[in-house]
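With the sequences and hints as input, model every part of the structure.
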Amino acid sequence: MEQLGILQRSAAAGQNRFSVEVKHVSKSYGETEIYTDLHFQLLRGTFVALVGPIGSGKTTMLNMFAGLDKPTSGTILVMGQDITRMPEDALGIFRANTIGLVPQVQTLIPELTVRENVELPLHFAKVDPETRQRKVDYVLEKVGIRGESRRVVSTLSVGERQMVSFARAMVNDPPILLLDEPTEALDPLMAEVILGLLRGDNLTLGRTIFVTTHDRRVTDLARKTLRVKKKIP
Amino acid sequence: MSRGISLQEGQLLARSLKVSKSTHLLVASVAAAVAANAAAAIQMTGTVGQAVLLVLIFVTLAAGTSAICSDIYARSSQTIANLRSLGASSSSLSRAVFFSVIGYGVVGSAIGAGLGAALGLALGGQGGAASALVAVLGVILASSAAAAAGVYAGGRRSWNS
Chain A
872 MEQLGILQRS AAAGQNRFSV EVKHVSKSYG ETEIYTDLHF QLLRGTFVAL
922 VGPIGSGKTT MLNMFAGLDK PTSGTILVMG QDITRMPEDA LGIFRANTIG
972 LVPQVQTLIP ELTVRENVEL PLHFAKVDPE TRQRKVDYVL EKVGIRGESR
1022 RVVSTLSVGE RQMVSFARAM VNDPPILLLD EPTEALDPLM AEVILGLLRG
1072 DNLTLGRTIF VTTHDRRVTD LARKTLRVKK KIP
Chain B
679 MSRGISLQEG QLLARSLKVS KSTHLLVASV AAAVAANAAA AIQMTGTVGQ
729 AVLLVLIFVT LAAGTSAICS DIYARSSQTI ANLRSLGASS SSLSRAVFFS
779 VIGYGVVGSA IGAGLGAALG LALGGQGGAA SALVAVLGVI LASSAAAAAG
829 VYAGGRRSWN S
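If you read the protein sequences in the order shown, they are chains A and B. Under this note's numbering, the first residue of the first sequence is numbered 872, with each subsequent residue one higher. Under this note's numbering, the first residue of the second sequence is numbered 679, with each subsequent residue one higher.
Honestly, the hints are just simulated from the structure, not real lab data. Note that the structure is a prediction, hence the values are computed from the model and not measured. Check before you lean on any hint, since a few could be wrong.
Coverage of chain B stretches by chain A, computed from C-beta distances (three or more under 8 Å per stretch; other residues unrestricted) [to be verified]: (1) 693-704; (2) 731-742; (3) 766-778.
Derived CB-CB ranges, DEER-like [unchecked claim]: (4) B/Gln686 <-> A/Ile925: 39 to 47 Å; (5) B/Ala745 <-> A/Glu902: 32 to 40 Å; (6) B/Val726 <-> A/Val1023: 16 to 24 Å.
Just so you know, even glycine gets a beta-carbon here, dropped at the ideal spot from N, CA and C.
Below, the structure is given as structure tokens:
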């Protein structure tokens, strides 16, 4: 069994030292086989990049880690919890508390303001209003969009929306951060802000980061790079 | 930590799912129309007839609110997928729709039942004012329960599909 990444000192003694454990996972859509008998673990606090051609199943793997897609067979443990067999409502609360997801496709709610969008995961995680306000202010400040907090998302540029997505993923201090092509479609300035955060800012330090990317600047930051070679027919 | 949803969360979710003033008005109007007719008719009939009318109110309003709820979910399927990725559960979404819609259903049915009861009295309904009051209460109760059941059933069905 392969162990990817390094073990951070922050992992408390006695805790499971893996943030994600993939056990004999296969995934197929109908007749199309995406993955067969995947078996690996991610140590807590590691930074792993997943690269591969478009359509090779990178997003599928990310979605399986987030519990948004289930493997056809096998088990995925996230922070020691088997998310493949977790009831839907429990999985929702677990996801809100454990995983920060920055999807490739913008998933912000266009009718809501920046602040409201960033605040949503905290509602689902049942965080009290005072803590919500503090956490939202902190994360908006860190990603440099606090001044835009009252703007409705539909009025933002693509780059600004990506920053809001990133802030929303980080707001509840999740131990695991999943990013799907985070620098794609960003101008160099915005991309540099994201790269700066991934380089080891307080906001991302100590978290397990799993990122799909084609961007060499992102893979250079990762401790380990996984390659998916096969393009699904 | 509570497993319920706060008013603020409910409002945020309702806005995310595009539950608008038009939806509120639609629910209130349908409830008012059904309740007005039932409250008037209930005074013109005996016990068996009244029971049948209350059952009819329940079934028709439950079906209506369930359909409205399903429509809300169908229009917002992508939003629901997005909210799921953030940790939303079917229960929190159902409750958000429930609380933002149910109030208008109750207000609509109360207004409709009042108007229907007055009409029933004017048309010479049996039992006078006491009977009219019972009709109003019965209709409000049946329509509120129907709206609640309809919203919840519609939400669950849409989530599972």
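Evaluation of the provided hints:
no.	hint	verdict
1	693-704	holds (count 3)
2	731-742	violated (count 0)
3	766-778	holds (count 5)
4	B/Gln686 <-> A/Ile925: 39 to 47 Å	40 Å, holds
5	B/Ala745 <-> A/Glu902: 32 to 40 Å	37 Å, holds
6	B/Val726 <-> A/Val1023: 16 to 24 Å	55 Å, violated
Of the hints listed earlier, those the structure fails to meet are numbers 2 and 6, in rising order.
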